[in-house]
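Trainee: One line per chain: the protein sequences are W and B, in this order.
Residue 127 in the working numbering sits at position 127 of the first sequence, and the numbers go up by one each step.
Residue 4 in the working numbering sits at position 4 of the second sequence, and the numbers go up by one each step.
In case anyone wonders, no lab produced these hints; they're calculated from the structure.
Computed from a predicted structure; not experimentally measured.
Ideal placement from N, C-alpha and C gives every residue a C-beta, glycine not left out.
Have a look at the derived ranges for each label pair, beta carbon to beta carbon:
{"no.": "1", "chain 1": "B", "residue 1": "Leu36", "chain 2": "W", "residue 2": "Asp76", "range": "26 to 34 Å"}
{"no.": "2", "chain 1": "B", "residue 1": "Arg34", "chain 2": "W", "residue 2": "Asp19", "range": "34 to 42 Å"}
{"no.": "3", "chain 1": "W", "residue 1": "Thr36", "chain 2": "B", "residue 2": "Pro10", "range": "30 to 38 Å"}
{"no.": "4", "chain 1": "B", "residue 1": "Glu60", "chain 2": "W", "residue 2": "Gly95", "range": "39 to 47 Å"}
{"no.": "5", "chain 1": "B", "residue 1": "Leu36", "chain 2": "W", "residue 2": "Lys87", "range": "22 to 30 Å"}
{"no.": "6", "chain 1": "W", "residue 1": "His148", "chain 2": "B", "residue 2": "Arg34", "range": "16 to 24 Å"}
{"no.": "7", "chain 1": "B", "residue 1": "Asn61", "chain 2": "W", "residue 2": "Gly135", "range": "48 to 56 Å"}
Examples of chain W residues toward chain B, derived with CB under 8 Å:
{"no.": "8", "residue": "Ala63"}
{"no.": "9", "residue": "Gly111"}
{"no.": "10", "residue": "Val137"}
The lines below spell out each chain.
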Amino acid sequence: MITATASQTIGPYWHLLEDKSWANLTRFGAEGETITITGTVRDGGGKPLTDACIEIWQSSPAASDSFPGFGRAATDDAGRFTFKTLKPGPVAGPGNSLQAPHLAVTILARGLLFHLSTRLYFEGEPANENDPILGLVDEGRRGTLIAHETKPGVWHLDIHLQGAEETVFFEI
Amino acid sequence: MSFIETPFRPYAPGSQPDNDTPTYRSTELRHPARPLLKIPQTITELSGPHFSETHFPPTENIAVNAGKEALGERIIVEGHVKDEDGRPVPHTMVEIWQANAAGRYNHERDQHDAPLDPDFKGIGRVFTDEAGAYRFITIKPGAYPWGNHANAWRPNHIHFSLFGPGYATRLITQMYFPGDPLLPLDPIFLATADEDARDRLVSKFDLSITKPNWALGYRFDIFLRGRQATPMEDSHDHGHR
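All chains, please: the whole structure from these sequences, using the hints.
Mentor: Given below as structure tokens:
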């Protein structure tokens with residue numbers, strides 16, 4: 001067996017973002033309930049990450065030719081990112097459990113040798129109570145994964161890589 | 001419809017760099033101080049994005065831009081994408097980006113005092129074939145200085161981005177060149193503890209890829225996480241459609 005190739009940082013000059021359209025997951029004509037995801041990313045000193053690449057992946061609605069299920073955005077000078085996508089529905093969890101609607105969120109940046117993985121859940125979603133992944137998170141830190149609706153259809157999540165408000169990151 | 005997928009196996013110890021790597025200064029305030037929370041792989045981690053070549057057209061030859069040849073040493077990079085058991089990963093998207101021959105990225109933030117080449121953007125995308133093989137043509141990237149420590153220079157490298165079959169197989173890496181004297185001095189390269197894992201980040205010069213009178217060839221094989229031996233039944237109630 002050969003072990004998986006080692007991860008390396010994306011660096012400050014990542015070029016993957018050929019086109020800002022990547023942040024719009026509905027651009028190929030996907031239909032459904034459209035939502036906007038906004039967020040900020042900060043380091044352990046509270047400084048915004050202005051050179052990060054944020055990716056989202058959602059297993060619901062199912063990926064297809066009209067919906068890649070995947071988006072990528074650059075953070076701006078204030079560490080902010082924005083996506084337009086379809087609201088995910090609940091999906092199967094381990095055993096007979098059901099997972100609350102969520103997005104997988106990946107942070108790639110200079111200073112990260114291995115990408116960080118977290119999730120975004122939606123505040124007020126009743127299924128959050130029984131979500132098998134949220135249930136693994138210390139109650140005091142669960143809020144770091146839950147986006148707030150700032151305007152109808154606009155969901156916001158602040159991500160902290162380090163410090164008192166450090167986001168819960170996963171080993172998957 | 002039931003959702004039954006075999007989980008991906010954990011990374012082998014030492015085969016991946018630690019985000020807490022003080023010799024690479026940018027990690028200081030960016031690495032999570034608390035341990036990662038291990039979660040089971042669910043449909044979200046076991047499945048992955050859908051990239052069609054229609055929506056994401058390949059650009060195999062990035063040494064040419066609108067018919068004009070980029071400056072520098074043209075090279076061919078070829079390899080296979082496989083899993084840890086040696087099984088090919090077919091039809092997966094491979095993205096690359098890199099500095100030009102002078103060691104400068106075509107990126108607004110890169111202020112290194114080296115010339116930009118209007119005919120080199122330094123971005124490419126290909127898909128692996130049925131056998132997991134990929135290939136692209138580019139320019140050998142130059143070394144460039146960075147502010148990590150006194151007289152710090154990054155070795156020549158090409159950045160790679162891959163997805164593989166699931167979110168859990170996502171890989172961002174860098175391909176280096178054989179014999180580069182900067183490798184033993186580079187904290188990013190050295191951040192991976194396992195020497196064999198590190199060495200596999202270095203491509204190999206390959207005369208069989210080299211095209212006479214045209215370009216040198218390098219081989220760079222990439223390995224994504226393999227699956228565990230025993231299948232796991234995730235759920236009978238596939239709720240995502």
